[in-house]
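Please take these sequences and the hints and turn them into a complete structure.
Spelled out from the first residue to the last, the chains are:
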Amino acid sequence: MTYAGNLIGQRYDDFCRDHRILVEGNLAMVERYGIDLVSCCCQPFSEAADCGAELEYYDNQPPACRNHLLKEPTDLLTLKRPDPHGGGLMTERIKAIELFNERLGGTHPIQGWVEGPMAQASDLRGINDIMLETVTEPEFVLDLMDWVTDMEIEFAQAQIAAGANLIGIGDAAASLVNPNYYADEVAPREKKIVDAIHDAGARVRLHICGSIRGKYDAIKELGVDLLDIDYLQTVAEVREGTGPTQCLSGNIDPVRGIMDSTPSQIHDDFAKAHEEAGENFILAAGCEIPPDTPEENVVAMFDYARSVS
Amino acid sequence: MSYELNQLYDAVITGDNKASHAITEQALAEGIDPMKLVNDHMMPAMDEVGRRFEMNEYYVPELLLSARAMKASMALIRPLMIQCDMEPIGRVVAGTVKGDLHDIGKNLVAAMMEGGGFEVFDLGTDVAPEQFVLAAKEHNADIVALSALLTTTMPSMKLTIDAFIAAGIRDQVKIFVGGAPVNQEFADEIGADAYRDNAVSAVAHAKQCMGIST
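These protein sequence lines are chains A and B, in that order.
Under the numbering used here, the first residue of the first sequence is numbered 1, with each subsequent residue one higher.
Under the numbering used here, the first residue of the second sequence is numbered 1, with each subsequent residue one higher.
Source of the hints: derived by calculation from the structure; they are not laboratory data.
Fair warning: this is a prediction, and the values are worked out from it, not measured in the lab.
We put the beta carbon where it would ideally sit given N, CA and C, even for glycine.
Mixed in with the good hints there might be a few duds.
Residues from chain A shown here face chain B by an in silico Cβ test under 10 angstroms; the list is partial [claimed, not checked]:
(1) Gln10
(2) Tyr12
(3) Asp13
(4) Cys65
(5) Leu69
(6) Asn128
(7) Glu133
(8) Thr134
(9) Asn178
(10) Gly214
(11) Val255
(12) Asp260
Okay, here's the thing in structure tokens:
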């Protein structure tokens, strides 16, 4: 995301707010590195913004939300679901998909994006409050996650109708709750989104930043087509936990393993991850590659992938 | 309702802030030394919470709830400590650096530092270097804990350390840095005193800095 924005010399706030700039950044990545997929993911607050949250924008990093929209649990009662075609940031994502289709003509899969139930609940209420309220206001958190799930299903469907082939679900906050809570309350709502995306004819990528240790059984039941792995667990561990047929993506530490590393070390680290994964594996960083990553290190990633293709 | 003192440990472990407050109130009314409550019950409870967090038995909600329970007790104890000139084991100024609004990691560190017996002054997020300096001076801080979650905000950590140097008080504090993109190499490069990748070890190191064996 930020790397693509940097590549075309654009401010990241513009990259997030103008679908044309987002598309140009991705197309520049295609031209320069030959990436295999273009993505509409640029920041986690599009839906929250369209719900009415105020974002703070920066020229070199994703926007942030200082004052969360739901000040009290009762605010959920008056929260209105935004229209994905209502002209806000969700619409920008849909327009990005349409423009990708126009510019690429089907040569590359187009990845749309939605936030997962725990992540979006955190975006709307604030992560500190949500974490406490999973215990102190459990019914509110479940109601909020249900509300979010319905919103994200509609948003995913709109992106698929616009031409997205794959929808990413980002549910970072899910890594912060215990495995029982994840299995009982978060994963069933993620599954609703996954099933809706599949019913609409697209594939699903799940990205949970951080550690997913202890959650493998629940994740296996989701049926996602691609599971991203962050660097906090080994590929070997995730492969054992999810089985041989789950397509995995990852998992090199984007800072220590990509930005601050060397091409030869990157080659070795990717080779190790590849060996641990076996088949059904896509090489990637565990999470967002920082914008100041040296180009030779980014090239090293692609060089390894091409060397084994 | 009457409580047994040993229920205070359980109240913190289970995150029952109403019980921890009630038990503390009762104990103080009965003349129990407040530092006994802190040293013999609450700090051991938070040590256990930290252990469970490291062992993936406790996650963020459980840790925050336990910290809240301890805070509820400390709200009664802190004024007494001030009245009697009782000192915490150290003072920590904590914050997420300028340009960064992420706070969950910083909150975990602040919670565990309080649980470890430190008095914590949490400056929140997007904290300018000069705010850290002012707060460190105002509160006579021993430790300044800086958090960043983005590579683009990490430079603010160096700017903050530079601000302490410019203010002439760099040698009066220990500066800790942490956050997902931060590492030991970066900490060394910018002249931080310590880098830790989790809240529990940050507290252990903070205690060592104060000369307390862990």
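Hint check:
At a threshold of 10 angstroms, the smallest CB-CB gap from Gln10/A to chain B is about 15 angstroms, leaving the interface hint violated. Interface restraint check: Tyr12/A against chain B, minimum CB-CB distance 9 angstroms, threshold 10 angstroms, status holds. Nearest Cβ of chain B to the Cβ of Asp13/A: about 12 angstroms, over the 10 angstroms cut. The hint is violated. Hint on Cys65/A holds. Least Cβ distance to chain B is approximately 7 angstroms, under the 10 angstroms limit.
Hint status for Leu69/A: violated, given a least beta-carbon distance of 15 angstroms to chain B, over 10 angstroms. Taking 10 angstroms as the C-beta cut-off, the interface hint given for Asn128/A holds, the closest approach to chain B being about 6 angstroms. Hint status for Glu133/A: holds, given a least beta-carbon distance of 9 angstroms to chain B, under 10 angstroms. The interface hint given for Thr134/A holds, since its Cβ lies 5 angstroms from the closest Cβ of chain B, which is under the 10 angstroms cut-off.
At about 4 angstroms, the closest approach between the beta carbon of Asn178/A and any beta carbon in chain B falls short of 10 angstroms, and the interface hint on this residue holds. Because the closest C-beta pair between Gly214/A and chain B is about 6 angstroms apart, less than 10 angstroms, the hint holds. For Val255/A, the interface hint holds, since its Cβ comes within 10 angstroms of a Cβ in chain B; the closest pair sits about 4 angstroms apart. Below 10 angstroms, beta-carbon pairs count as interface contacts, and Asp260/A has one with chain B at about 7 angstroms; its hint therefore holds.
Of the hints listed earlier, those the structure fails to meet are numbers 1, 3 and 5, in rising order.
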